[in-house]
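Student: As a plain string of letters, each chain reads:
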Amino acid sequence: MNFIQLKNLTKVFDNNEAVVKNINLTINKNEFVTLLGPSGCGKTTILRMIGGFTEVTSGQIILDEEDITNLAANHRKINTVFQNYALFPHLNVFENIAFGLKVKKLPPEEIKQKVDKVLTLVKLTEYQERKIKSLSGGQKQRVAVARAIINEPKLLLLDEPLSALDLKLRQELQYELKDMQKHLEITFLFVTHDQEEALTMSDRIVVINNGEIQQIGTPESIYNEPKNKFVAAFIGESNIIAGQYLGSKKVKFFDLEFECVDTEFALNEKVDVVIRPEDFDVVSSEKAKIVVKVDDIVFKGVHYEVIAYYGDFELVIHTLEHLQIGKVIGLTIDPFEIHLMKTDE
Amino acid sequence: MSKKRYRLVSPLILTVTFSLLYFPLLIIAALSVNSSKLDYKFTGLSWKWYKEIFTHNGLLEVIKTTWIIAILATILSTIIGTLFALGINSLRAKKRKRLLMLNVVPLINADIVTAVSLSVIFSFLGITFGYPTLLLAHVFFCIPFVVISVLPKLSEIDEDIYFAARDLGMSKFEAIIKVVIPHIKTGIITGALMAFTMSIDDFVISYFVQGNGVNNFSIWLYSAMGRKSFTPAAYAYNTLVTILIFAIIIFISSKNNIKRRGR
Numbered sequence: 002m003n004f005i006q007l008k009n010l011t012k013v014f015d016n017n018e019a020v021v022k023n024i025n026l027t028i029n030k031n032e033f034v035t036l037l038g039p040s041g042c043g044k045t046t047i048l049r050m051i052g053g054f055t056e057v058t059s060g061q062i063i064l065d066e067e068d069i070t071n072l073a074a075n076h077r078k079i080n081t082v083f084q085n086y087a088l089f090p091h092l093n094v095f096e097n098i099a100f101g102l103k104v105k106k107l108p109p110e111e112i113k114q115k116v117d118k119v120l121t122l123v124k125l126t127e128y129q130e131r132k133i134k135s136l137s138g139g140q141k142q143r144v145a146v147a148r149a150i151i152n153e154p155k156l157l158l159l160d161e162p163l164s165a166l167d168l169k170l171r172q173e174l175q176y177e178l179k180d181m182q183k184h185l186e187i188t189f190l191f192v193t194h195d196q197e198e199a200l201t202m203s204d205r206i207v208v209i210n211n212g213e214i215q216q217i218g219t220p221e222s223i224y225n226e227p228k229n230k231f232v233a234a235f236i237g238e239s240n241i242i243a244g245q246y247l248g249s250k251k252v253k254f255f256d257l258e259f260e261c262v263d264t265e266f267a268l269n270e271k272v273d274v275v276i277r278p279e280d281f282d283v284v285s286s287e288k289a290k291i292v293v294k295v296d297d298i299v300f301k302g303v304h305y306e307v308i309a310y311y312g313d314f315e316l317v318i319h320t321l322e323h324l325q326i327g328k329v330i331g332l333t334i335d336p337f338e339i340h341l342m343k344t345d346e
Numbered sequence: 511m512s513k514k515r516y517r518l519v520s521p522l523i524l525t526v527t528f529s530l531l532y533f534p535l536l537i538i539a540a541l542s543v544n545s546s547k548l549d550y551k552f553t554g555l556s557w558k559w560y561k562e563i564f565t566h567n568g569l570l571e572v573i574k575t576t577w578i579i580a581i582l583a584t585i586l587s588t589i590i591g592t593l594f595a596l597g598i599n600s601l602r603a604k605k606r607k608r609l610l611m612l613n614v615v616p617l618i619n620a621d622i623v624t625a626v627s628l629s630v631i632f633s634f635l636g637i638t639f640g641y642p643t644l645l646l647a648h649v650f651f652c653i654p655f656v657v658i659s660v661l662p663k664l665s666e667i668d669e670d671i672y673f674a675a676r677d678l679g680m681s682k683f684e685a686i687i688k689v690v691i692p693h694i695k696t697g698i699i700t701g702a703l704m705a706f707t708m709s710i711d712d713f714v715i716s717y718f719v720q721g722n723g724v725n726n727f728s729i730w731l732y733s734a735m736g737r738k739s740f741t742p743a744a745y746a747y748n749t750l751v752t753i754l755i756f757a758i759i760i761f762i763s764s765k766n767n768i769k770r771r772g773r
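Protein chains in written order, with our numbering: chain H, 2 to 346; chain S, 511 to 773.
Any given hint might turn out to be false.
[Said to hold, decoys possible] List of simulated lysine to aspartate or glutamate pairs, DMTMM-like, C-alpha gap at most 20 Å:
1) K105(H) / E684(S)
2) K682(S) / D668(S)
3) K132(H) / E684(S)
4) K113(H) / E96(H)
5) K134(H) / D668(S)
6) K607(S) / E96(H)
7) K103(H) / D621(S)
Just so you know, the hints here were simulated from the structure itself, not pulled from any lab data.
Just need the whole structure built from these sequences, with the hints factored in.
Tutor: This is the structure:
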């Protein structure tokens, strides 16, 4: 294990702006890991340092027990799917895919064989003679993936590869990429700002903000147990309420006492309470501690999104039934759905 | 002006303008086939001045010098200018702007200033005047033209194309030669053509850096005009150059037409 290791990886640009700060990360073989964060958080810079396109300021990159920190990009057994595909417009689909093998000077028959195999995998066999210009976004995307995986890299880097596609196609390709990764047994390092994409595809997610890792974990743990305000707000929707831990699995917020399951806090410690909108149960007002009036309701397809104010605090609630605006409702929360976090202050 | 009146006047303006532009070329062409050596007397058709290009002692020599300098200067300035453009393009916005400014200054600077300063520098450095100084000066003033025609092409291409080539196993050098250069080919060709035309008809700068009997056609013509050493073969040479340039323009535009129709 410890197939890929980033040790204290740091990048400082010429203007003394640190975009990546002391990143430590271990990735296992055949794992699908996603770097998730808002634009400008440094996730692409991390990827480019691993690919060898951006110089490392300090720290180490280790791939399969070999220190590749200062190795030239063309000598790394890593391939990349670029954000805007970066396909070669002067070559056709076949030539684009064969590019890496040609550079390696493989015999033409072998190249043909391998390209045919990959073309089948990405379902582009009939398109091999086509010019890049004549392809749709989704097809370009497939060529970009094919061009990278044909070299059988130890690690495949994907820099927001689906961001330019429409929703339907994006979802389709998410499944295809995930399938491909399982099937080919290649380690994937995926970069995206789309939390849903990260939750769908990854074995593990690394949440990044301001060049620092906020949390590393499985999609479930990141969603259900966010470590701080940033993670809670960035992944999914959430209500973050200031509270106080009262000890013995009790927490106080809105001046009310609730049962919870978290225990790792000190007595009377200030905490942030995270409640996901779908974790509220709407009941009649006499059955609940939290009583609010429906301020607004929006139909979202599967559920309704209800906005209600408890005092000045805006609560977002997801519910399956339609509620009249102005109706007084009660809200209950199961103890295991009340998640406590250390406050940032 | 009403549309109607404009329609009447516009062919007239067009005719006058183009006559003014092309009349001198026709005069030179006519003089080149005039059997008399005198400009003001047309005594009959003759091709003898065309033959004399190759037999006249001084003229053939300066034509040779002109072409050798132009070709060498074009090659060198195209290579150096393309490298400059690659370097400038890889810089961040602020530095790129500054270097672009530095590149533009020689373009708009008066030739006479460039000429005098080059001549001062060459004599200060003790470079032999003649071929070396002519070539150096021509390369010097051709480079900015190459840079300004290559740079826009470079900013058009996706920067990641270079990195994709690296990613797929190419060294820095290979990636530039085999992937980046083919993408900026048209800019390089435009730059080379501009450099060539700048070099082949340069007078002011060449005049100040010539020496040891080595000079180009324009300097020779300037000193031979109205003297005994002058020969109408110079007109013949000019006519040939004009025809050559027309041929190149027709070739390029027909090629572009084919490309456009092909799409």
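Student: Decide, hint by hint, whether the structure agrees.
Tutor: The hints, checked one at a time:
1. K105(H) / E684(S): holds, 13 Å
2. K682(S) / D668(S): Since the Cα atoms of K682(S) and D668(S) sit roughly 16 Å apart, the hinted pair holds (cutoff 20 Å).
3. K132(H) / E684(S): Answer violated: K132(H) to E684(S) is near 23 Å, above 20 Å.
4. K113(H) / E96(H): Given pair K113(H), E96(H) holds - Cα atoms ~10 Å apart, limit 20 Å.
5. K134(H) / D668(S): holds, 14 Å
6. K607(S) / E96(H): Violated, at roughly 37 Å.
7. K103(H) / D621(S): violated, 49 Å
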